[in-house]
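Final position of the sequence shown in this note's numbering is 302; the numbers increase by one with none missing.
Hints in this document: simulated from the structure, not taken from any laboratory. Virtual Cβ for every residue (Gly too), placed ideally from N, Cα, C. Check the hints yourself; a few may be wrong.
[Claimed, not checked] No more than 25 Å apart at the CA atoms, straight line, and that leaves these computed lysine-lysine pairs for BS3-like:
hint	residue 1	residue 2
1	Lys130	Lys170
2	Lys170	Lys215
3	Lys157	Lys37
4	Lys198	Lys215
5	Lys37	Lys231
6	Lys107	Lys121
7	Lys253	Lys232
8	Lys121	Lys215
9	Lys107	Lys142
10	Lys49	Lys170
11	Lys270	Lys152
12	Lys215	Lys270
13	Lys198	Lys232
14	Lys215	Lys49
15	Lys231	Lys152
16	Lys152	Lys37
17	Lys215	Lys231
18	Lys270	Lys37
19	Lys198	Lys49
20	Lys270	Lys49
[Unchecked claim] Just the calculated beta-carbon pair ranges, DEER-fashion:
hint	residue 1	residue 2	range
21	Ile259	Thr90	17 to 25 Å
22	Lys121	Lys215	14 to 22 Å
23	His140	Gly44	37 to 45 Å
24	Ser87	Lys215	19 to 27 Å
25	Ala65	Asp188	45 to 53 Å
26	Ser87	Arg272	47 to 55 Å
27	Glu246	Val40	28 to 36 Å
28	His279	Glu208	18 to 26 Å
29	Asp151	Ala65	15 to 23 Å
30	Ser87	Lys232	23 to 31 Å
31	Phe276	Met160	17 to 25 Å
32	Ala86	Lys270	45 to 53 Å
33	Asn84	Asp151	34 to 42 Å
34	His85	Arg272	25 to 33 Å
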Amino acid sequence: KGEYWWEVKELVSRNGGARLKAQVFFASFDQRSERAAGESACTALVAVIAHRLHSNHASMPTRPEFDNLITQGSSEWRKLCSNTAYTNAFPDKHFDLETVLKADVRPVTVSHEKSFTGFFSPDKFECLKGAMSFDEIWNEIKSSETNNCQPRVYIISWNDHFFVLKVESKAYYIIDTLGERLFEGCKQAYMLKFDDSSLMYGKKKKKDDEMAICSGKECCREYIKRFLAAIAVEELEEEEKKGRVSAFTLHQRLQIDFHYSSFSSATSSSHFLF
């Protein structure tokens, strides 16, 4: 396998409700390491990673390449941090995607026409009723598979973090530069591969034994719902029962954006297409 170290791992969701068996590929470190020094660099990192995926559709990064992308993206972020025009607008140095793309970190553009914005479980919250749901977005992505033989790369933003989703006909990949997203204490960036070998199990409501929830690429959808968003949904449901939770909080914690990315033909003009 050389520099491709995919390994099969079993992961348990933080609420204990689901177990995933899938292939994982680890970098040597993540964005918060001393080597990368990219504490809040996730926006610059997704631009660098998306550019790499568009540059070479046929393969995923090797371990040395993945490490290099993390150091490159973190370096680009530090350059932005040294510019007062950016830090005045973003004192926490957590730049938004539009800012990073306009700064020409990499020649990547986002098409709003092919992008999606939705919420996890909007039907459970009064002020979100009628909004597009995460499942509806996923169904749109799935339905366009047959019409598009070229891999697609989405930059996903959720809960003040960015990561990348690569959609292929035979596999879906999640690429995340923050190890803590995978499991508590993880200090390595990672890629998750969802293909025919992937399996997910969930606990039955009244028993301790498990049942199969899904298999194959569908595990990617359920991973995002059950491993990333489930606790936020549960907590906000409880708050909604006690009193009305604010619309700001719901948007902050439940909104998810799928930004459809591609190579940019322009080098200095706005990278957002309308």
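Self-check item: List of violated hint numbers, smallest to largest
Solution: Per hint list: 1, 2, 3, 4, 9, 12, 13, 16, 17, 18, 20, 21, 25, 27, 29, 30 and 34 violated.
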